[in-house]
Amino acid sequence: MTDLIKLTGLGKAFSQRHAPAVTILRDINLSIGEGEILCVLGESGCGKTTLGKIIAGLSSYTSGSYTFMGKEVSSLKGQAWMEFRKGVQLIHQNPYESLNPALMIFDIIANPIKRHEKISDTAELYKRVTKLLEMVGLTPVEDIVDKYPSFLSGGQRQRVSIARVLAMNPKLIVVDEATSMIDTSLRVSLLTTLRDIQEKLGVSYFFITHDLALGKYFARGNKVMIMYLGRVVEEALTDNLISAPAHPYTRAVISAAVGSSNILERRIIAKYTLRGTDIPSFARIPAGCPLHPRCPEMIPGECDRIVPDLYDLGNGHRAACLLVKKDQI
Amino acid sequence: MEVMHTNSPLFQIEDVSIAYKTKRGMLKAVSGASVTISEEESIALIGESGCGKTTLATSVVGALPNAASITQGRLLFRKRNSEVVDLLQLSKKDLRVLLWQDIAMVFQASQSSFNPVKRVKTQFIDAVQAHERNRSNKEILERSSKLLEIVMLDADKVLNAFPHELSGGMKQRALLALSLILNPRLIILDEPTTALDLITQAKILELLNRLKKQFGFSLIFITHDLGIVSELADRVVTMYAGRVVENAPTKSYFDTPRHPYSKGLIDAIPRLSMDSTHIYSIPGTPPDMIDIKAGCPFAPRCPRRLSRCDLEMPPLTSIETEKRNYACWNPITEWERHD
Numbered sequence: 001m002t003d004l005i006k007l008t009g010l011g012k013a014f015s016q017r018h019a020p021a022v023t024i025l026r027d028i029n030l031s032i033g034e035g036e037i038l039c040v041l042g043e044s045g046c047g048k049t050t051l052g053k054i055i056a057g058l059s060s061y062t063s064g065s066y067t068f069m070g071k072e073v074s075s076l077k078g079q080a081w082m083e084f085r086k087g088v089q090l091i092h093q094n095p096y097e098s099l100n101p102a103l104m105i106f107d108i109i110a111n112p113i114k115r116h117e118k119i120s121d122t123a124e125l126y127k128r129v130t131k132l133l134e135m136v137g138l139t140p141v142e143d144i145v146d147k148y149p150s151f152l153s154g155g156q157r158q159r160v161s162i163a164r165v166l167a168m169n170p171k172l173i174v175v176d177e178a179t180s181m182i183d184t185s186l187r188v189s190l191l192t193t194l195r196d197i198q199e200k201l202g203v204s205y206f207f208i209t210h211d212l213a214l215g216k217y218f219a220r221g222n223k224v225m226i227m228y229l230g231r232v233v234e235e236a237l238t239d240n241l242i243s244a245p246a247h248p249y250t251r252a253v254i255s256a257a258v259g260s261s262n263i264l265e266r267r268i269i270a271k272y273t274l275r276g277t278d279i280p281s282f283a284r285i286p287a288g289c290p291l292h293p294r295c296p297e298m299i300p301g302e303c304d305r306i307v308p309d310l311y312d313l314g315n316g317h318r319a320a321c322l323l324v325k326k327d328q329i
Numbered sequence: 001m002e003v004m005h006t007n008s009p010l011f012q013i014e015d016v017s018i019a020y021k022t023k024r025g026m027l028k029a030v031s032g033a034s035v036t037i038s039e040e041e042s043i044a045l046i047g048e049s050g051c052g053k054t055t056l057a058t059s060v061v062g063a064l065p066n067a068a069s070i071t072q073g074r075l076l077f078r079k080r081n082s083e084v085v086d087l088l089q090l091s092k093k094d095l096r097v098l099l100w101q102d103i104a105m106v107f108q109a110s111q112s113s114f115n116p117v118k119r120v121k122t123q124f125i126d127a128v129q130a131h132e133r134n135r136s137n138k139e140i141l142e143r144s145s146k147l148l149e150i151v152m153l154d155a156d157k158v159l160n161a162f163p164h165e166l167s168g169g170m171k172q173r174a175l176l177a178l179s180l181i182l183n184p185r186l187i188i189l190d191e192p193t194t195a196l197d198l199i200t201q202a203k204i205l206e207l208l209n210r211l212k213k214q215f216g217f218s219l220i221f222i223t224h225d226l227g228i229v230s231e232l233a234d235r236v237v238t239m240y241a242g243r244v245v246e247n248a249p250t251k252s253y254f255d256t257p258r259h260p261y262s263k264g265l266i267d268a269i270p271r272l273s274m275d276s277t278h279i280y281s282i283p284g285t286p287p288d289m290i291d292i293k294a295g296c297p298f299a300p301r302c303p304r305r306l307s308r309c310d311l312e313m314p315p316l317t318s319i320e321t322e323k324r325n326y327a328c329w330n331p332i333t334e335w336e337r338h339d
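Here the protein sequences come in this chain order: A and B.
Here this note's numbering is used: position 276 in the first sequence is 276, and no number is missing along the way.
Here this note's numbering is used: position 60 in the second sequence is 60, and no number is missing along the way.
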């Protein structure tokens with residue numbers, strides 16, 4: 001399979017006027033093929049949204065390389081840049097803020113088609129909008145097109161966002177916590193719609209979430225990447241990651257997600273917690289492994305000195321931890 | 001209006017209805033909700049957005065917006081001297097005395113609950129002195145430090161900090177400490193862990209469980225995350241379209257939900273230990289709360305709907321042996337156990 005996008009050693013630093021630059025992303029390597037899903041998981045402030053913005057072309061990167069269909073994104077200009085921006089679309093987290101309240105649903109979806117495909121015939125536009133709304137399950141279409149976003153529920157609004165994004169026939173959709181503001185009962189049907197669209201159109205997803213179970217469900221059969229303080233700490237196929245996590249941070253996340261009562265998950269796993277509670281700030285990232293001040297298995301003299309690479313565990317499973325390296329020798 | 005009663009539960013929400021005035025007409029946010037909470041019990045209020053759970057909880061502390069009015073019902077609270085009062089009948093002044101000292105609420109937007117221009121310690125001192133005038137600053141700060149240490153914060157640092165210097169998780173824990181400062185007997189938490197990441201969330205839940213044992217307060221918390229419910233609640237109250245549709249002990253709620261909506265909610269959560277590739281989702285969307293139709297509000301989305309459901313709202317049926325009740329004409333009686 002050819003890579004749709006490929007990030008190699010990508011980094012992002014924000015310069016500040018009176019202080020040294022703050023590095024938000026470090027050495028990110030990933031690729032997404034056509035029709036693939038990559039799920040990114042991490043705590044708030046780990047850089048996952050910044051990464052999503054870079055992939056969608058809304059933010060620049062300061063080091064490394066990002067190629068879209070083989071071409072370096074930072075060197076794209078004119079028509080090629082337009083094609084890239086159309087090819088990678090973003091669904092925002094908050095559907096209450098991402099739709100223009102003064103436009104009717106019809107215009108929200110038709111405007112990008114008008115702009116990019118230079119279609120102005122209303123009948124033709126109506127046909128296109130109808131098709132898109134049907135695809136995202138907003139039927140009957142006649143009831144929806146002349147409404148304003150304020151008439152719709154959060155779930156319906158998020159479906160409008162999806163329809164708007166699909167109007168551009170994207171190859172990759174960045175889904176940034178798109179279901180976190182949606183009620184539980186509607187969340188799953190929204191994800192099902194996204195998966196159906198993938199089957200029909202063969203789009204790829206870059207799925208950002210902080211909900212492990214949700215990520216596992218959506219990206220089943222695909223890869224998950226765990227981020228901590230702007231680095232990838234572990235990546236694996238969803239099932240491998242849940243059943244055999246290698247990095248202490250991943251283990252703590254899974255332990256927290258399973259919880260200590262067996263009412264919901266119906267199984268109890270050994271509790272695994274990190275020391276301390278607070279994530280260090282990006283301005284003061286610890287030397288060595290960024291997790292070492294919180295890691296219960298920290299090796300003094302090594303973890304606080306050496307930045308671990310991603311060590312290969314086979315079957316695409318990689319973890320950035322010296323313990324993994326030790327096990328291999 | 002005040003009744004003496006020694007054996008009554010700590011707090012009783014009795015047949016409360018709340019309506020909002022809107023341009024399109026009256027919106028019945030809560031219709032005839034009844035919930036009883038005992039000493040040291042912890043109750044989860046769950047349901048979709050717009051089901052009235054926040055409205056109901058906010059009515060307890062008298063902080064409803066102006067457009068809202070409580071059209072019927074009583075909020076019976078048993079004071080420390082065993083006297084039972086209806087919070088709705090109390091004068092503003094009397095209610096203010098009771099709040100914080102007996103009933104504390106931590107709002108959903110807890111990240112912005114602190115006054116941004118005052119140091120955290122000033123806010124602790126202000127809260128206490130509003131109730132206990134003759135406490136010295138030193139005394140208050142000592143107690144504050146103790147509480148902040150219990151919630152695992154560096155007391156000196158936090159007390160002298162401005163709110164913006166604290167992270168989300170720290171603010172949430174500082175607020176918890178602040179809500180505990182007058183030793184209330186009932187704490188209401190609106191979405192205590194949203195906006196917090198998974199690991200911090202797990203820590204806060206663990207902490208709440210510990211504090212509950214240590215201080216012996218009762219807890220009402222609002223959430224839409226069933227994961228939190230299973231960790232923290234003794235009892236689950238499910239609301240749908242302004243009505244309480246099921247009220248059951250946590251374990252039986254998850255094992256054997258009676259109301260189809262409860263079952264739908266439980267089945268709709270993705271779990272880690274689940275291999276199935278398909279998760280059930282409740283079809284349709286919640287009803288319009290202004291133009292209320294007759295019958296059960298869940299009927300249009302319900303897989304177990306009978307013709308009767310469209311005509312008549314089911315009353316609450318109690319099963320005394322299981323300490324639960326539900327409002328459904330066709331409740332689930334046999335379960336496909338999902339383990």
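Treat the hints as calculated values from the structure; they're not laboratory data.
Fair warning: this is a prediction, and the values are worked out from it, not measured in the lab.
Cβ atoms here follow ideal geometry from the backbone N, Cα and C, with glycine treated the same way.
Treat the hints with care, as some may be off.
Stated by the list, open to error - Straight-line alpha carbon distances no greater than 25 Å define the calculated PhoX-like cross-link-like pairs of lysine-lysine that follow: (1) K271(A) - K251(B); (2) K131(A) - K86(A); (3) K251(B) - K323(B); (4) K147(A) - K213(B); (5) K79(B) - K118(B); (6) K121(B) - K251(B); (7) K138(B) - K121(B); (8) K23(B) - K293(B); (9) K28(B) - K147(A); (10) K79(B) - K121(B); (11) K21(B) - K121(B); (12) K293(B) - K147(A); (13) K293(B) - K21(B); (14) K131(A) - K114(A); (15) K28(B) - K293(B); (16) K271(A) - K118(B); (17) K293(B) - K323(B); (18) K271(A) - K92(B); (19) K323(B) - K213(B); (20) K86(A) - K53(A); (21) K147(A) - K21(B).
To be verified - Distance ranges between label pairs, derived from CB positions: (22) S281(A) - K118(B): 17 to 27 Å; (23) P140(A) - K293(B): 44 to 54 Å; (24) V22(A) - E149(B): 23 to 33 Å; (25) P65(B) - Q16(A): 37 to 47 Å; (26) E83(A) - P300(B): 37 to 47 Å; (27) S8(B) - K53(A): 47 to 57 Å; (28) T192(A) - F162(B): 15 to 25 Å; (29) N134(B) - K53(A): 49 to 59 Å.
Hints, one by one, checked against the model:
no.	hint	in the structure
1	K271(A) - K251(B)	holds, 21 Å
2	K131(A) - K86(A)	holds, 19 Å
3	K251(B) - K323(B)	holds, 12 Å
4	K147(A) - K213(B)	violated, 51 Å
5	K79(B) - K118(B)	violated, 32 Å
6	K121(B) - K251(B)	violated, 41 Å
7	K138(B) - K121(B)	holds, 11 Å
8	K23(B) - K293(B)	holds, 19 Å
9	K28(B) - K147(A)	holds, 24 Å
10	K79(B) - K121(B)	violated, 29 Å
11	K21(B) - K121(B)	violated, 39 Å
12	K293(B) - K147(A)	holds, 22 Å
13	K293(B) - K21(B)	holds, 18 Å
14	K131(A) - K114(A)	holds, 16 Å
15	K28(B) - K293(B)	holds, 12 Å
16	K271(A) - K118(B)	violated, 39 Å
17	K293(B) - K323(B)	violated, 30 Å
18	K271(A) - K92(B)	violated, 47 Å
19	K323(B) - K213(B)	holds, 22 Å
20	K86(A) - K53(A)	holds, 14 Å
21	K147(A) - K21(B)	holds, 23 Å
22	S281(A) - K118(B): 17 to 27 Å	holds, 23 Å
23	P140(A) - K293(B): 44 to 54 Å	violated, 19 Å
24	V22(A) - E149(B): 23 to 33 Å	holds, 31 Å
25	P65(B) - Q16(A): 37 to 47 Å	holds, 41 Å
26	E83(A) - P300(B): 37 to 47 Å	holds, 45 Å
27	S8(B) - K53(A): 47 to 57 Å	holds, 56 Å
28	T192(A) - F162(B): 15 to 25 Å	violated, 45 Å
29	N134(B) - K53(A): 49 to 59 Å	holds, 55 Å
Violated hints for the displayed structure, listed by number in ascending order: 4, 5, 6, 10, 11, 16, 17, 18, 23 and 28.
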